[in-house]
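As given, the protein sequences belong to chains A and B, one line each in that order.
FYI, the numbering for the first sequence is 0 to 798, going by numbering that gives the first Met the number 0.
FYI, the numbering for the second sequence is 0 to 798, going by numbering that gives the first Met the number 0.
A portion of the hints provided could be inaccurate.
[What the hints assert, rightly or not] Cβ pair distances, simulated, as ranges:
#1 F490/B x K702/A: 37 to 45 Å
#2 C111/B x E732/A: 49 to 57 Å
#3 P366/B x G337/A: 56 to 64 Å
#4 E732/A x H398/B: 39 to 47 Å
[Claimed, not checked] Derived SDA-like pairs (lysine to any residue); straight-line CA-CA distance at most 25 Å:
#5 K207/B x K698/A
#6 K698/A x E744/B
#7 K787/B x K698/A
Derived by calculation from the structure, the hints in this document are not laboratory data.
Every residue, glycine too, gets a C-beta built ideally from N, C-alpha and C.
There are 2 protein chains.
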Amino acid sequence: MANITKKVSWSSRGDDPAQGEGTPLLNGATEAARCTTRQFSGGNIFRIGRMSTVDLEEETNTEEDSVLSRPKEIPHNEKLLSLKYESLDYDNSENQLFLEEERRMSYMGFRCLEISRWVVCGLIGFLTGLIACFIDIVVENLAGVKYQVVKQNIEKFTEVGGLSISLILWAVLNSVFVMMGSVMVAFFEPIAAGSGIPQIKCYLNGVKIPRVVRLKTLVVKVFGVICSVAGGLAVGKEGPMIHSGAVVAAGVSQGRSTSLKKDFKIFEYFRRDTEKRDFVSAGAAAGVSAAFGAPVGGVLFSLEEGASFWNQMLTWRIFFASMMSTFTLNFFLSIYHGKTGDLSNPGLINFGRFESDSVEYNLYEIPIFIVMGALGGVLGALFNVLNYWLTIFRIRYVHRPCLQVMEAMLVAAVTATVSFAMIYFSNDCQPLGEDQAEEYPLQLFCADGEYNSMASAFFNTPERSVRSLFHNPPGSYNPLTLGVFTLSYFFLACWTYGLTVSAGVFIPSMLIGAAWGRLFGILLSTISSSTATWPDPGKYALIGAAAQLGGIVRMTLSLTVIMVEATGNVTYGLPIMLVLMTAKIVGDYFIEGLYDVHIKLQSVPFLHWEAPATSHSLTAREVMSSPVTSFNRIEKVGTIVDILSNTTTNHNGFPVVNELIDHNELGKICGLILRSQLIVLLKHKVFVERARSRLNQRKLQLKDFRDAYPRFPPIQSIHVSQDERECMMDLTEFMNPTPYTVPQETSLPRVFKLFRALGLRHLVVVDNENRVVGLVTRKDLARYHLGKHGLEEMQLAQT
Amino acid sequence: MANITKKVSWSSRGDDPAQGEGTPLLNGATEAARCTTRQFSGGNIFRIGRMSTVDLEEETNTEEDSVLSRPKEIPHNEKLLSLKYESLDYDNSENQLFLEEERRMSYMGFRCLEISRWVVCGLIGFLTGLIACFIDIVVENLAGVKYQVVKQNIEKFTEVGGLSISLILWAVLNSVFVMMGSVMVAFFEPIAAGSGIPQIKCYLNGVKIPRVVRLKTLVVKVFGVICSVAGGLAVGKEGPMIHSGAVVAAGVSQGRSTSLKKDFKIFEYFRRDTEKRDFVSAGAAAGVSAAFGAPVGGVLFSLEEGASFWNQMLTWRIFFASMMSTFTLNFFLSIYHGKTGDLSNPGLINFGRFESDSVEYNLYEIPIFIVMGALGGVLGALFNVLNYWLTIFRIRYVHRPCLQVMEAMLVAAVTATVSFAMIYFSNDCQPLGEDQAEEYPLQLFCADGEYNSMASAFFNTPERSVRSLFHNPPGSYNPLTLGVFTLSYFFLACWTYGLTVSAGVFIPSMLIGAAWGRLFGILLSTISSSTATWPDPGKYALIGAAAQLGGIVRMTLSLTVIMVEATGNVTYGLPIMLVLMTAKIVGDYFIEGLYDVHIKLQSVPFLHWEAPATSHSLTAREVMSSPVTSFNRIEKVGTIVDILSNTTTNHNGFPVVNELIDHNELGKICGLILRSQLIVLLKHKVFVERARSRLNQRKLQLKDFRDAYPRFPPIQSIHVSQDERECMMDLTEFMNPTPYTVPQETSLPRVFKLFRALGLRHLVVVDNENRVVGLVTRKDLARYHLGKHGLEEMQLAQT
């Protein structure tokens, strides 16, 4: 069915109930001509026009061939882009107020600013490290208490029979923990669910996800992750650390807390999207750094996710925050562990150091590693596909908070039951060594001096299990144990990700990979001559972990560095890279990475690195929203209020033009003003009477805008009297007088590059008389993507 | 003298003999008004206008107060920007030809392109690894032969007396090696001198340094570095590796060699600056990766130096090239060392692995590390200042090739003499252990079974000396030896850098640092109780090496990763970071990094990451070159030839405007065309007769432009007959129809950001009628920098 032009009836663009940041007026008629399906020379088919949400339900039904074998009535079609997300303004609004302030500032002023940026980054790192330390200690203790209680109970009942009571105890304990976490998340702050990495990815990409960097989110997140890890779910505490770091950064850098209604009157200069986002990058990096003891990996993570805007000074500050975070964590953990001042511990997860002797690898192992990478890619893709279905199911049927809590509790109970069954039916007894990492060795039915090796994988926090798989000497596990464990943990982890709890997917992925990797190593050593020492199972566990993780999340550069830093040995750098790249290439063939899947399911207008390769045929003229609602330089207050109040066109940016009488006429561009700025102007009633005498002499300052940032009141909350509606507002001083513009003929890749490189929110399209003819926003660009049949266009929807 | 407005007589801008990429016409009179000295609100003084080269000599004499205590008549004033450097065109010229090609290309076409990019990167990595391997093996063997001969000679004469003969032998051997290298560099390719890192930095920054990525340069570089390392100079072979990688990349990616007149007809798509520069980033990364066994460090190096343009796919390719390079090197070295297939060796330099027991550090050591960092910063600054003076001296007095060769030979002989004297007068005998790295232990006057420890530092390649300092057990060196060694090597290295030989500064810097670091460690252990094990001298040698290197080159992020990867242990990551940052902060207080010093001395228009902080007071109107030479869309051939032939205005980019009669009138912008494009058009005689019938029906294709790239013929070589001069040329198809433009009111930081983020070469400034009023080029932006008295402006000069 490739190359068959599918005929679909598109509603005209103008019927769209809301255009987000675009500003078209309602004149669909003129647009109708464009809403056709075109065939291009390269044989690629793509569609121009937008499907309104109303039409959508019918369309998905008639279009069965394109949604092939997917359940009908998916409310979150992946071909939709949501209009509810707004963009961050990474581009400064260089209006007169701003320029005046900058020009007033002396060189010393800028030095001070620079120093405060460093101070903020230091603080971010310190606080992130503290939070990581807190989570780690609380989790360790809670899990410790839980496992001790269950262990004693099991030991008590092993002899006398009635182990089902132990099972119930374990399941109940798990469920209670998970219930607490899940209730918090489901009822108080749903955005705190999951690992938070997709949300932070979006934020760094420039999409404002509502409530993602609020204090409340942080509290729920921290509490939630403690509960879910202590509750024995197949989750890690690392992803949430990254989110926590980002929230800390957003909070600290603003010098105030809107939630706590506390303003410290510091760092006021940083109260805009540009600065805030830079700090959030630092926070995310500090989070990674604390979670994995990987400061360089943290920096690379931030770069990989939000990188088109970086510069050297920013990178150094990010690096500093990362460094502070690892340092703080190590310092406080060293105190906690009674070895004050010993800073050589890595971060939250410690996979133990790989020593040089077991570390060597040979050329002939490279193909084996690559095969493992491919396997990881396939398994990762399977994981993602299953999780994709599950998430769709959840979106459709499990959307009520109480159902979500119940599902989480169910998973917790099932996890305990499966683990218990595995341990119970396993008869893999291993001698109890001295140097092993087991903290809670379960004897169960083993002989004295032995322990159940299945329990070392299941009856433990996942981090410890990974470490055991990496470092226990050859022969610690038998292949059957590992196989069964891999299988069951794979499905458990897949079921768990996406539950309404705060939890990361890094550690479970690594655990799955380490298990099958070790199994792989054991099989290899069976196949090869028995005297060969090269197939060290620990080494293969590491490679397997990398392969599985790479197959699921599809990061390469930062993940390599994180793995290298977390294992404390650079020798494996090369094989890990190879494995991660193979896993990515193989996995990408089937489905995107887990985070991208979830971003797509949320219909976030995410901008990739480059415009789709075949999009040179499109120009700004075809991409832009048009016509545009523009304002005059001196505009009537009533007009402004009406346009802002128009809920069907929820625009955020308005070109300011010269001498415009009719709002449909094209005026010469002379600036760009944002909804938020207009709101502040209206609130402070900066009006001029028609007679040009000042009605209100109070001069607005940048401070007024900064105080309102980032929660600008809605237009409905601002009362404008009928008299005031007749006044005029002079926008000259407040608009950005030099917005970036492009001519209509500019190709999409060129527009895209400008947009992405500068982090724009609005890009004005002008004709060759410099008249405004259109406006390009993030959603206009994010709509185009490369599908199987060439360039495709997504629809915009209200959800 | 701060805040005193210095009066200098500026020649008007129009008198400038050449404007490089700017395109002002000769009407200095209208510009005279701007050539005044202004005082700004912040108390910052800066100058507007440019000093012509003719005036310069007088000015530097009358302006003694500003050049304070510097030798008079410096031809290379650091306040000058040279006009001889052109910019790379990172921004694609999206003209009709290009767009047609892109639109013709199918999705599969783009896939193939993407795959060939990966293939090219793989090849780059492979070849760079091979070259590294070649250099390493040849250097090891040559140095081995040399040291064996000298050792035997010394042993022969130690007993019988007459060691002066050994000294002469050593000095002559060194001088001969160095002479060969120096002759090659001085007479055949002077650009191959030095480490090449400053040149690559410039290239990645967007400056086209003539001949820097040519095959001849590569050959001379490789030969030169072998000679200088084998010649016993205080140099390393690592910097040149980075340059070699870059040349390999530039060559391979073009699929042809202009020098060898061989065109493989492949990779023709990559024949433009954008693609080439991306590959050169990969090549530089592969070079770092091969030199230090640091693939991640290589990627970060490329990012740190050329980063504003990166995106994820590019980074992955760079990473792949790095990986391939380390892999190739390791593979071939493993064959060479007879351990085929053992790939765990790191790259060219192997500092040996730091094992965990000696690795730990404590909180109380952090302040010590920071002190060492500060010390490294001071010593590094001293090194740079001395080298700065030396370079100025060399520019003035040692500019003839034969003098340069003689200086290099002198340094070689002095190095041998100093080394010999050090060894001779040292009576620091150490027992000959079994596990030590000494390959050429000199017994000299020591008892049997002992060796001279000064010789282990001097009688060795610098890499091996560093390794000895890192890993020899405590007590291997006595403090006096280390002190004297540090002192003498410091001055030798400082004298050596900047000689007309191919040589890097990484290893000598590390050697100096390792020596004083070890000394520091020994002193610490003397001060502290004798039983304390923490002041392991090897650890302090490592920290010292980082501090010294950081103090000299001032890299932080990439250097940290390089050090971590080269020492094979991540535990030291944190202290190394701290040390590098301290060294940078302290060092920056005195003078810039060594590479930046040399870039400045070459008057390269280097763009930093951000516009100077206090430059918001400037707008595009003040920065731009104006008026601009523009062409009509359909222009007379004679006019084009005349304008291109005008040697006084050596412009490279011309706005194309609508309906322009007088060339001084302002026309509406409709495109931008480059000198190189016009040259190709003229060469192929794509003319239209006045009667609009085609004179020449041959249609130009992109291929014609690609074939001419990058060595476009000069305009003088193109013959245009008098008849042809009367023809017209239609530029519509060839110009870039959508150049980026900014309004005149745009602030300098905003212009800068656009310029830097997109890697522009020309930025057209338009008024609000879209008429061309000026043109901003790299030199216009690079002119402004923050001096001690606020914003300063540099002058442009022909040199």
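Okay, the hints, checked on the actual structure:
no.: 1; hint: F490/B x K702/A: 37 to 45 Å; verdict: 56 Å, violated
no.: 2; hint: C111/B x E732/A: 49 to 57 Å; verdict: 53 Å, holds
no.: 3; hint: P366/B x G337/A: 56 to 64 Å; verdict: 23 Å, violated
no.: 4; hint: E732/A x H398/B: 39 to 47 Å; verdict: 57 Å, violated
no.: 5; hint: K207/B x K698/A; verdict: 50 Å, violated
no.: 6; hint: K698/A x E744/B; verdict: 23 Å, holds
no.: 7; hint: K787/B x K698/A; verdict: 35 Å, violated
Checked against the numbered hints above, the structure breaks hints 1, 3, 4, 5 and 7 and satisfies the rest.
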